Amino acid sequence: MTSLNTRERLLIYAVILLASGFLLYRFVISPELKLMSAARFHSNSQQELLKTKAEEIQHHSVLNDMAQRLRERVTETTRILFSREEAVDFLRLLPQLTSQTGSVLIGIYPRYTENFLTGDTDGNLEVKTKTPEEGDVGSYMRMPVQIAIRGRYSEIVRFLEQLEEREQLMTVSEFHIETASESPAEVNAGFVLNLYVYEHEEI
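Numbers 1 to 203, taken from this note's numbering, label the letters of the sequence shown in order.
A portion of the hints provided could be inaccurate.
[What the hints assert, rightly or not] Below, a list of computed lysine to any residue pairs in the SDA-like style, where the Cα atoms sit at most 25 Å apart:
| id | residue 1 | residue 2 |
| --- | --- | --- |
| 1 | Lys53 | Phe41 |
| 2 | Lys53 | Ala38 |
| 3 | Lys51 | Glu32 |
| 4 | Lys53 | Ala67 |
| 5 | Lys51 | Val28 |
| 6 | Lys51 | Phe41 |
| 7 | Lys34 | Gly21 |
| 8 | Lys34 | Phe22 |
| 9 | Lys51 | Arg40 |
| 10 | Lys53 | His42 |
| 11 | Lys51 | Pro31 |
| 12 | Lys51 | Met66 |
| 13 | Lys51 | Leu70 |
| 14 | Lys51 | Val62 |
| 15 | Lys51 | Met36 |
| 16 | Lys51 | Ser37 |
| 17 | Lys34 | Leu24 |
| 18 | Lys53 | Gln68 |
| 19 | Lys34 | Asn44 |
| 20 | Lys34 | Lys53 |
| 21 | Lys53 | Ser43 |
| 22 | Lys34 | Gln46 |
| 23 | Lys53 | Met66 |
| 24 | Lys34 | Ser45 |
| 25 | Lys51 | Ser30 |
Simulated from the structure, these hints should not be mistaken for laboratory data.
Just so we're clear, the structure is a prediction, and the values are computed from it rather than from any experiment.
Could you build all of it, start to finish, from the sequences and the hints given here?
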């Protein structure tokens with residue numbers, strides 16, 4: 001039997017080494033690499049999912065904060081706006097408010113085409129349905145009422161001060177004043193009293 005020379009032995013060792021390396025990679029390293037790749041993909045997917053959930057939670061938190069602030073604003077608003085019932089009650093009190101200052105309520109006339117309120121100066125006011133007009137925001141609306149009163153200038157001023165002292169929001173527009181023909185010491189004042197009315201809605 002002829003012995004292998006050094007070159008042939010090296011060649012056999014090289015073949016065995018390459019075969020061992022291939023088998024090691026094929027059956028040991030390659031499956032581990034696939035497992036690591038799958039684990040990395042799963043980990044990335046979980047991180048993306050957690051990131052998305054965290055963003056959703058943050059978004060919900062922001063929405064909850066906004067809703068809470070909106071509720072607080074609505075509460076603040078309802079403190080200074082009339083309800084329909086409060087507006088009617090206030091208009092019924094106008095003759096009494098004017099008499100307390102010494103002035104006289106001559107007339108009160110709703111400014112709506114389809115009257116929200118109808119009645120006379122004796123307090124006989126009736127609520128009627130009003131179709132919302134363009135420009136009305138939600139359940140908030142402006143209710144303009146034409147007011148005519150007569151009295152001394154100081155009495156008219158005191159009446160306006162009484163309106164300003166009230167908690168509910170109201171404004172005066174189209175104000176005009178002239179000397180009363182019946183009594184030169186008195187004046188006739190006319191203006192539009194705008195009541196701001198809010199119908200509560202749950203948020």
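We went through each hint and held it up to the structure:
1. Straight-line distance between C-alpha atoms of Lys53 and Phe41 comes to about 18 Å, which keeps the hinted pair within the 25 Å bound.
2. Of the pairs offered as hints, the one joining Lys53 and Ala38 holds, with about 22 Å between alpha carbons and a cut-off of 25 Å not exceeded.
3. The suggested pairing of Lys51 with Glu32 is violated, with an alpha-carbon distance near 28 Å, which exceeds 25 Å.
4. For the given pair, Lys53 sits about 21 Å from Ala67 by alpha-carbon distance, which is consistent with the 25 Å threshold.
5. Between Lys51 and Val28, the direct Cα distance comes to roughly 35 Å. Violation of the 25 Å bound is thereby established for this hinted pair.
6. Restraint check for Lys51 and Phe41: the C-alpha separation of about 15 Å stays at or below 25 Å, so the hint holds.
7. Our distance criterion of 25 Å between C-alpha atoms is met by Lys34 and Gly21, whose separation comes to about 18 Å.
8. Between Lys34 and Phe22 the alpha-carbon distance is near 16 Å, which keeps this suggested pair within the 25 Å criterion.
9. Between Lys51 and Arg40, the direct Cα distance comes to roughly 16 Å. Compliance with the 25 Å bound is thereby established for this hinted pair.
10. Distance check on the hinted pair: Lys53 and His42 sit about 16 Å apart at the alpha-carbon level, within 25 Å; holds.
11. For the suggested pair Lys51 and Pro31, the alpha carbons sit about 30 Å apart, so the restraint of at most 25 Å is broken.
12. Note on Lys51 and Met66: the hinted pairing holds, with a Cα-Cα distance of about 22 Å set against a maximum of 25 Å.
13. With a CA separation close to 28 Å, the supplied pair Lys51 and Leu70 exceeds the 25 Å bound.
14. Taken as a hint, the Lys51 and Val62 pair is honoured in the structure, with Cα atoms around 16 Å apart against an allowance of 25 Å.
15. For the given pair, Lys51 sits about 22 Å from Met36 by alpha-carbon distance, which is consistent with the 25 Å threshold.
16. Taking the CA atoms of Lys51 and Ser37, the gap is near 21 Å; set against the 25 Å cutoff, the hint holds.
17. Among the hinted pairs, Lys34 with Leu24 is consistent with the structure: their alpha-carbon atoms are about 14 Å apart, no more than 25 Å.
18. With a CA separation close to 22 Å, the supplied pair Lys53 and Gln68 stays within the 25 Å bound.
19. Taking the CA atoms of Lys34 and Asn44, the gap is about 15 Å. The hint holds against a cut of 25 Å.
20. Between Lys34 and Lys53, the direct Cα distance comes to roughly 28 Å. Violation of the 25 Å bound is thereby established for this hinted pair.
21. For the hint pairing Lys53 with Ser43, the CA-to-CA distance comes to about 15 Å; that is within 25 Å, so the pair holds.
22. A hinted pair counts as satisfied when its Cα atoms are at most 25 Å apart, and Lys34 with Gln46 qualifies at roughly 18 Å.
23. Distance hint between Lys53 and Met66 is fulfilled; the C-alpha atoms sit about 20 Å from each other, no more than 25 Å.
24. Restraint check for Lys34 and Ser45: the C-alpha separation of about 16 Å stays at or below 25 Å, so the hint holds.
25. As the CA atoms of Lys51 and Ser30 are separated by approximately 31 Å, the hinted pair breaks the 25 Å bound.
In summary, the structure is inconsistent with hints 3, 5, 11, 13, 20 and 25 from the numbered list given earlier, while agreeing with the others.
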